[in-house]
Amino acid sequence: MPTILVLDDSATMVMSLSHILKGAGYDVETGMNGREGITKLTDGIKPSVILTDLNMPELDGIGFIKEARKISSTRFTPIIVLTTESGGRKRDEARAAGASGWLTKPAEPNQLLSVVKQLCPTR
Amino acid sequence: MGETVEANERIVCAILAEQVAALRERMDGTAAFDLLWRTSALLSWLSGLLGDVSAHSTYSTHANPVLERERAEAITEIAEIKRALDDLAFLQAQRQDFAKQIADCVVTALERMAVAEMPPGTSFSSADLAALYVSADQRKLHEDVLRRISPA
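Each protein sequence line maps, in turn, to chains A and B.
The working numbering puts the first sequence at residues 1 to 123.
The working numbering puts the second sequence at residues 1 to 152.
Everything labelled a hint here was simulated from the structure, so no lab data went into it.
Watch out, some of these pointers could steer you wrong.
No farther apart than 20 Å at their CA atoms in a straight line, the calculated lysine to aspartate or glutamate pairs in the EDC-like style are these [said to hold, decoys possible]:
(1) A/Lys22 - B/Glu80
(2) A/Lys90 - B/Asp137
(3) B/Lys140 - B/Asp104
(4) B/Lys100 - B/Glu18
(5) A/Lys90 - A/Glu58
(6) A/Lys90 - A/Glu67
(7) A/Lys22 - B/Asp87
(8) A/Lys66 - A/Glu36
(9) A/Lys40 - A/Asp27
(10) A/Lys117 - B/Asp86
(11) A/Lys66 - A/Glu93
(12) B/Lys100 - B/Asp28
(13) A/Lys40 - A/Asp60
(14) A/Lys40 - A/Glu58
(15) A/Lys70 - A/Glu93
(16) A/Lys22 - B/Asp86
(17) A/Lys70 - A/Asp60
(18) A/Lys117 - B/Asp87
(19) A/Lys46 - A/Glu29
(20) B/Lys82 - B/Glu70
(21) A/Lys66 - A/Asp92
(22) A/Lys90 - B/Glu143
(23) B/Lys82 - B/Asp34
(24) B/Lys100 - A/Asp60
(25) B/Lys100 - B/Glu25
(26) B/Lys100 - B/Glu111
(27) A/Lys40 - A/Glu67
(28) A/Lys22 - B/Asp34
(29) A/Lys46 - A/Glu36
(30) A/Lys22 - A/Glu108
(31) B/Lys100 - A/Glu58
(32) B/Lys100 - B/Asp34
(33) A/Lys90 - B/Asp128
(34) B/Lys82 - A/Glu108
(35) A/Lys90 - A/Asp60
Generate the whole structure from the sequences, applying the supplied hints.
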């Protein structure tokens, strides 16, 4: 089963995303900030897709993407930013850091799943 | 006189910051989300169970066509309700997250305005406030208010 790494400082969002992704046939690993995400990656988790919020404590989404791109196993892993930010400047900043795509909250579950399935189809 | 007014304003800001922080803590919908997800999982289970019952009954010599039709209708209805519950839980989670972020922004702004060490005469500007925003919606609201209250 493909693994999706979900990073968000909102426990409710993490639970909600996990529920939707598990229901669609994915394994889910979670973290409450970018630092926890990097720890998961360096511990050997190899996600097929990463979903990350931008505004998080300790290490924010942009910082996480930059760090993740330095790790060989996630250099080319699709990273989708899921955030309340919809401004062009933040989007450019995330893209420059290495983000692959962008979803603005509130997003529909179908919208989210269609992006994830496109990047990582389940059998 | 001016210093007394500033001190009073700082006290009001400190109290308001605590009030909004308390309000933020009450925005916890964990129990409701948990119930929604459990209901959704239960519906999945029921749907699977109905499918199994149907598969079993096809081997029976007493298969009832009316029951079979109702079972199929129930499975369709369960799938629709489950999808609606999942959509609702996900959208509500995002709305709650957004509301908490706005509350965090207000608390941070009020806490900064309440700082006693601020040199007299200095203030927390609207630009300082805008730097705390985490969404385009907040920025748009900010711009709308500035347009509304700025002298023509």
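- [ ] Starting from A/Lys46, check that the Cα of A/Glu29 is at most 20 Å away, please.
- [x] holds (10 Å)
Open item on the list: Does A/Glu108 sit within 20 Å of B/Lys82, going by the straight-line distance between their CA atoms?
Closed with: holds (15 Å)
Open item on the list: Please verify whether A/Lys22 and B/Asp34 have alpha carbons no more than 20 Å apart.
Closed with: The hint holds at about 15 Å.
- [ ] Take the C-alpha atoms of A/Lys70 and A/Asp60, compute the straight-line distance between them, and say whether it is at most 20 Å.
- [x] holds (16 Å)
Open item on the list: For a C-alpha distance cap of 20 Å, please report whether A/Lys117 and B/Asp87 respect it.
Closed with: holds (17 Å)
Task: 20 Å limit on alpha-carbon distance, applied to hinted pair A/Lys90 and B/Asp137 - done: Measuring from Cα to Cα gives roughly 14 Å; hence the hint holds.
Open item on the list: For A/Lys70 and A/Glu93, compute the direct alpha-carbon distance and say whether it is at most 20 Å.
Closed with: holds (17 Å)
Task: Restraint status (C-alpha distance of A/Lys40 to A/Asp27 at most 20 Å) - done: Status holds; Cα separation ~14 Å.
- [ ] Mind checking the alpha carbons of B/Lys100 and A/Glu58 for me, to see if they're no more than 20 Å apart?
- [x] Between B/Lys100 and A/Glu58 the Cα gap is close to 18 Å, so the pair holds against 20 Å.
Open item on the list: Next pair to validate is B/Lys100 with A/Asp60; report whether the Cα-Cα distance is within 20 Å.
Closed with: holds (17 Å)
Task: 20 Å Cα cutoff - pair B/Lys100, B/Glu25 - done: holds (9 Å)
TODO: Compare the distance between the alpha carbons of B/Lys100 and B/Glu111 with 20 Å, and conclude whether the hinted pair is satisfied.
DONE: holds (16 Å)
Checked against the numbered hints given earlier, the structure satisfies every one of them.
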